[in-house]
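Protein sequence lines correspond, in order, to chains P and H.
For the first sequence, the numbering used here gives the first residue as 136, with consecutive numbering after it.
For the second sequence, the numbering used here gives the first residue as 74, with consecutive numbering after it.
It is possible that part of the hints are untrue.
Dumping the calculated BS3-like pairs for lysine-lysine here, alpha-carbon to alpha-carbon at most 30 Å [as the list claims (entries may be wrong)]: (1) H:328 to P:137; (2) H:373 to H:386; (3) H:399 to H:386; (4) H:386 to P:147; (5) P:219 to P:283; (6) H:81 to H:328; (7) H:99 to H:81; (8) P:137 to H:256; (9) H:99 to H:256.
Counterexamples of contact, computed for chain P against chain H with all Cβ distances above 12 Å [as the list claims (entries may be wrong)]: (10) 138; (11) 146; (12) 165; (13) 179; (14) 192; (15) 220; (16) 230; (17) 231; (18) 263; (19) 277.
Just so you know, the hints here were simulated from the structure itself, not pulled from any lab data.
For glycine and all other residues, C-beta sits at the position ideal for the given N, C-alpha and C.
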Amino acid sequence: MKQTLTLTINGKSYSDEVEPRLLLIHYLREVAGLTGPHIGCETSICGACTVMLDGMAVKSCTMFAVQAEGRSVLTIEGLAQNGKLDPLQEAFWNEHALQCGFCTPGMIMTARQLLADNPSPSEQEIRHGLEGNLCRCTGYQHIVNAVKAVAKAGGA
Amino acid sequence: MRNFAYAKASNSTEAIRLLGHSGAAKFLGGGTNLVDLMRENIEQPESLVDITSLLREIQENADGGVTIGAAARNSAVAAHRTIRERFPVLSQAILFGGSGQVRNMATIGGNLMQRTRCDYFYDAASRCNKRTPGAGCDAIDGFNRMHAILGWSPDCIATHPSDMCVALAALDASVEVEGRDGKRSIRFTEFHRLPGNTPHVETDLRPGELITSVTIPKLDAARRSVYRKVRDRSSYAFALVSVAAVLEVENGVVKTARLALGGVAHKPWRAGPAEEALQGSPANEASFGRAADTALAGAKGFAHNEFKIELAKRLIASTLADLARKDGAR
Ligand SMILES: Cc1cc2nc3c(=O)[nH]c(=O)nc-3n(C[C@H](O)[C@H](O)[C@H](O)COP(=O)(O)OP(=O)(O)OC[C@H]3O[C@@H](n4cnc5c(N)ncnc54)[C@H](O)[C@@H]3O)c2cc1C
Ligand code: SF4
Ligand code: FES
Ligand code: FES
C-alpha cells in the first residue's frame with residue numbers, strides 16, 4: 136500500500152515510496168536521514184520533534200508523512216547557511232540555553248514561529264509560546280533569555 | 074499501527090463519496106487526535122480521507138456573523154481579526170487549547186469530533202463502555218479527577234475536552250453537515266450528546282456525514298465576552314473547569330447573558346437556566362452568585378472531583394464580575 140511522497144525539505148526536493156502510516160518524524164529521521172528533529176514522547180506532548188511545515192511549527196510525531204505531500208518542511212538542519220549559525224542557534228549558544236541538547240532542535244523551531252508571530256514578545260509571551268516544548272535540564276530561564284536576545288537584536 | 078489507505082479529497086462531494094457508508098473510513102483533519110488514537114489502536118480505520126485541501130475559508134456574513142470552514146486551522150481562526158473583535162471568547166478559548174504546534178495543525182471539524190481524554194478510555198487494560206460498549210466503566214470508582222459533574226450517566230462520566238466548543242456553545246453556533254442525502258444544519262448545543270446508555274455515540278453526526286462549516290450568528294453583546302480556564306498547571310493541560318461568558322449590562326441591569334461550561338460534562342455545557350436568572354437582574358455579586366448556584370444545581374461529583382462544583386461556581390461568579398466591571402468602563 137505504498138504511495139509516492141514528494142516534498143521539499145530544507146529547500147531540497149525529496150521523493151520516496153512510503154506507507155501512509157509512516158509518521159513524518161520517522162520519515163525525516165529514517166528515510167531522509169535528518170536526525171536533528173528528535174523523538175521524546177511520540178504522543179504530541181514534548182515538542183522535541185517540532186519542525187516547520189510551510190512556515191508553521193508542527194509536531195512531526197503526530198502527523199503522517201503523506202500529510203506533507205507537496206509541502207515544504209524546515210528542520211533544524213536547514214537553519215545554518217554556509218556554515219554560519221542562524222540568530223536563534225547563535226543565541227542558544229551564547230545564552231547557554233541548552234544542557235543535554237535533546238529539546239533544542241524543537242525548541243528553536245517553536246521559538247522561530249513565536250518570533251515570526253510576535254517580534255518583540257514579553258517574557259510571559261515567550262513562556263506561553265513555548266508551552267508545547269518540554270526541557271528536562273535548563274529550567275527554561277536560559278531558553279527564555281535566548282529568545283529575548285534574538286528579539287532584542289532584531290529578529291530570527 | 075495498522076496500515077490504511079490514504080486519499081486527499083479535492084471537494085466535499087468527492088470526500089463524501091470516498092468515505093462511503095461502511096464506517097471503515099474516517100475523515101482526517103489535522104490528525105492531532107486521530108493519529109494518537111490510531112497509535113493506541115483505539116481507532117483502526119481502513120482508510121483516511123484527508124479534507125484539509127478544502128473547507129478552509131473563514132467568511133464574514135452579511136448579518137455580522139461568521140462562517141468557519143471545517144478544515145480552517147485553529148490558529149488561523151484564533152488570529153482572525155473579525156473573530157477577535159466580534160467574538161473574543163472564541164479566539165481566547167482556542168488559544169487556551171493545546172500548544173501552538175497543535176493549533177497549527179488542528180482543524181475546526183476535528184476539534185468538534187475529538188474524543189474524551191479519560192485515561193481509562195486510552196488504556197486497553199481498563200473497562201470502558203465508550204471503547205467497548207457494555208464492558209463497564211472503570212472511571213466511576215477509579216481516578217476521576219478530570220471527570221464529569223453534570224449530565225453524566227452510570228455508564229460513562231467522561232468529559233468533552235474541547236475549549237473551543239465551549240465558546241461555540243455560548244455563541245449559539247450551528248454546525249453545517251453534508252452527506253449523501255444532502256445538507257443539514259445542527260444547533261451547536263444539540264451536536265454533542267450526553268452519554269446515556271450509549272456513550273460510544275458522541276454526536277448527532279450520522280455515518281458518512283461530513284462537517285462542512287460552523288456558523289456563528291451576529292451577537293453584538295459578544296464583543297464583551299471572555300473565556301476562563303482552570304487547570305492543574307497553567308499551560309498545556311486540559312480544563313478542570315472552564316467558562317465562556319458574554320455579558321451586556323445597561324443601567325446596572327443585565328441585558329444579555331450567555332454562559333457555557335467546559336470540563337464538567339460529556340458535552341460543552343450551556344447553562345441556560347443561569348442565563349435566565351441573570352437576565353434583567355442587577356449586575357452585582359448577589360446575582361452572579363445566584364446564577365452560579367443555578368448553573369450547578371443538580372451537579373454531583375465523585376470521589377476525586379467533588380471540588381469541581383465549588384470551583385465552577387466561583388469561576389462563574391468571578392468571571393461575570395470581571396465582565397461587569399469591563400462593561401462599566403464603557
Ligand atoms: C497534547 C494535546 C493537548 C491538547 N489540548 C487541548 C486543550 O486543552 N483544549 C482543546 O480544546 N484542544 C486541545 N487539543 C486539541 C484537540 O484535542 C484535538 O487534537 C484537535 O482539536 C483535533 O483536531 P484535528 O483537526 O487534528 O482532528 P483529527 O485528529 O484530524 O480528527 C479528529 C476526529 O474528527 C474527525 N473529523 C475531522 N474533521 C472532520 C469533518 N470535517 N467532518 C467529520 N469528521 C471530522 C476525524 O475523523 C476524527 O475522528 C490538544 C491536543 C493535543 C495533542
Ligand atoms: S468515563 Fe466513559 S470514557 Fe471513561 S472509562 Fe468510563 S465509559 Fe470509558
Ligand atoms: S516526540 Fe513529538 S511531541 Fe514528543
Ligand atoms: S537541554 Fe536537556 S532537555 Fe532541554
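May I ask which of the numbered hints given earlier this structure violates, with the numbers listed in increasing order?
1, 4, 6, 8, 10, 13, 14, 18
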